[in-house]
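**Student:** Residue numbers (the numbering used here), protein chains in the order written: chain A, 5 to 317; chain B, -18 to 310.
Note that these hints are calculated values from the structure, not bench results.
Predicted, not measured: the structure shown is a model, and the values here were computed from it.
Be a bit skeptical, because a hint or two may be false.
Said to hold, decoys possible - Label-pair ranges, simulated between beta-carbon atoms:
no.: 1; chain 1: A; residue 1: Leu160; chain 2: B; residue 2: Gly251; range: 30 to 38 Å
no.: 2; chain 1: A; residue 1: Thr111; chain 2: B; residue 2: Ala163; range: 40 to 48 Å
no.: 3; chain 1: B; residue 1: Leu107; chain 2: A; residue 2: Asp273; range: 12 to 20 Å
no.: 4; chain 1: A; residue 1: Asp273; chain 2: B; residue 2: Pro26; range: 55 to 63 Å
no.: 5; chain 1: A; residue 1: Thr111; chain 2: B; residue 2: Ala200; range: 49 to 57 Å
no.: 6; chain 1: B; residue 1: Thr22; chain 2: A; residue 2: Pro215; range: 40 to 48 Å
no.: 7; chain 1: B; residue 1: Leu92; chain 2: A; residue 2: Val108; range: 49 to 57 Å
Even glycine gets a Cβ: it sits at the ideal position worked out from N, Cα and C.
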Amino acid sequence: MSALTVGGKPLPEPVRRRRAAGLPPWMNAPPWWVRSLKTLAIVLIVLMSAYPLIYVIAMSFAAPEQARAGVVFPTEYSLDAYRTIFEGGTVTVGLRNSLWLTVVGTTLSLVFTSMLAWGLARTRQVPGAKAVLIMVLATMFFSAGIIPNFLLVKALGLLDSLWSLIIPGLISAFNMIVIRNFFMNLPQELIEAARIDGAGEWRIFLRIVLPLSKPVLAVMALFYAVGYWNTYFNALLYINDAEKWPIQVVLQQYVLAGVTIPGSLPVADQPPPPPGVTLQMAVIVLATVPILLVYPFLQRYFTKGVLTGAIKG
Amino acid sequence: MSAQAETDAGPRADEAPPKPAPARRKLTLRQRMWRERWAYTFIVPGALFFLVFAYVPMLGNVVAFQDYTPFRGFGGSTWVGLANFEAMLSDPEVLMALRNTLIIAVLQLVLAFPAPIALALLLDSLMSARVKRMVQTVVYLPHFLSWVIVISVWQQVFGGGGLIAGVLDGLGVSGFDAMTNADTFKLLVVAQTIWKDCGWGTIIFFAAIAGIPQDRYEAAAIDGAGAWQRMRHVTLPGLVPVATLLLILNIGSILTVGFEQLLLQQPMVGMDAAEVLDTFVYFRGVLGGEWGIATAAGLLKGVIGTVLVLAANRFAKRLGGEGIFLCRH
């Protein structure tokens, strides 16, 4: 361990740097080769995480000649792929279904999850609440399997309805626990005071509990919304009608199953359609964009949301 | 895991100490329920939801013991005892699916599970908080993409005609296609899992690192421990409880081995490499109409999962941890 301050002499450079960064004095900068190894590792990790996405976005805008040639990064751009896709219609329908699913599903899920969380936040006072809590927790470890769920949805007459993608997964036990933990850590004096003033449980819930819980509700809204937007298998399982497919199923059909995108076949007397690769990339981008849009706004809540659930769960 | 014990003993002043409350004790169960009648308006909808959509389907597993057809229903189908299980266990496809499932599960456990720990340690050792935050933003993102998107993106990069195949073509090596290579498929699956979820997995370990008292590092530094030794002897032991908990939580679903991920890739890489228990259930049951055998396979998977959770929990308790069931309510 090197000395910290030496008489009136100026502090050595590494010491000044860690002071500036608010790091403790015993924390030394590692030797140069460790630092370069770490930098290399970090650069590689960031590149590997981000480059595939950047590549797909860039290629979706690539000019036809470059897309056909297969370049590492396009330099000439065109919007033809998006024009073709929106004229085709199927992708638009998929996006509309997914949007509806995400908005309606997230709203309903948040309402019912936070209601149950508030009801179960007072297991000591409410007889039976503890039994319900255990019943809910058990579902995190034991689930029925694909076929019994399919048979239930079928018996309820939900097949081929977008509701089949919302109702069976309305409340996630994990999210409920996270919200419940947040509720239980709210300042109880406020709630008690309202109770003494004669406010009913619903009034307390709507006027005090929910407004105080915005951070956790924001993260849970994100988790639910991402879940609904990304719905794939359940749609495959429950929905046969292509008009009701969410975007992920449409994406799978066009990009992985090799179904031809409408408008991508050459027609006589018309300019040649954009190459299939750009069309596929454009569909991927359209399915990803909503997530890329909300991500930065909610990112700062992640730690809070995940942690209250996971560590204290 | 002391934080977990607080779950219920939160700051509710009125319930923390079991103080004598003679007036309250006189209330009968019915009176207490009447007093809390509004609480039930919050609980009942959610409880009904879990009853109908989590517990009723469990009863549906009786199909595994029936010669079920949707036309005849549960009541009209004949009971066949364990015939479905016998048929299942002598079906080479099930055995192949079981083998693939186990191999992928073990690979995930060995390679994908420790990855976030390593990444969290690496990021934690960075001196600059700004770089740390920037890297976090980038590596969290893939977690939010659906499997359809992830596979599609990988297809464009690693598939035949993709980015890497194009670059290799230019160098004179042709025919590269990592997405359809059955021999390396299981490693590809693990690589995809790491790409998607490793970054997100670090969040919980960062929290655990933040919870390690600074004076332990200080004491270690004073005793002459360098950065590497502090990580090895202070940080790493501090992560063990969280890692154990996560392991227990994940082990019940370990046989699920990325169902959508495999379902999406099976047409490309073939059944021999990509058939797992869940895809078997889907293809043979839902698509093939062999409800009995498929449900039996699903039930087998569920039972193995349950046994694994209970065993892991007991094992963790024996090691001195708290287990999961103790601290949850």
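**Student:** If I claimed the Cβ atoms of threonine 22/B and proline 215/A lie 40 to 48 Å apart, would that claim hold in this structure?
**Tutor:** 20 Å, violated
**Student:** Lying within 49 to 57 Å: is that true of the beta-carbon distance threonine 111/A to alanine 200/B?
**Tutor:** About 51 Å separates the Cβ atoms of threonine 111/A and alanine 200/B, which means 49 to 57 Å holds.
**Student:** Is the hinted range of 40 to 48 Å satisfied by the C-beta distance from threonine 111/A to alanine 163/B?
**Tutor:** Since the Cβ atoms of threonine 111/A and alanine 163/B sit about 44 Å apart, the hinted range of 40 to 48 Å holds.
**Student:** Using the beta carbons of leucine 160/A and glycine 251/B, state whether their distance is inside 30 to 38 Å or not.
**Tutor:** Holds, since leucine 160/A and glycine 251/B (Cβ atoms, about 36 Å apart) stay within the stated range.
**Student:** Mind checking the hinted window 55 to 63 Å against the Cβ distance between aspartate 273/A and proline 26/B?
**Tutor:** 60 Å, holds
**Student:** Return holds or violated for the Cβ distance of leucine 92/B and valine 108/A against the range 49 to 57 Å.
**Tutor:** 39 Å, violated
**Student:** Check the following: the C-beta atoms of leucine 107/B and aspartate 273/A are separated by a distance inside 12 to 20 Å.
**Tutor:** Cβ of leucine 107/B to Cβ of aspartate 273/A: about 60 Å, so the range 12 to 20 Å is violated.
Of the numbered hints listed earlier, those contradicted by the structure are 3, 6 and 7.
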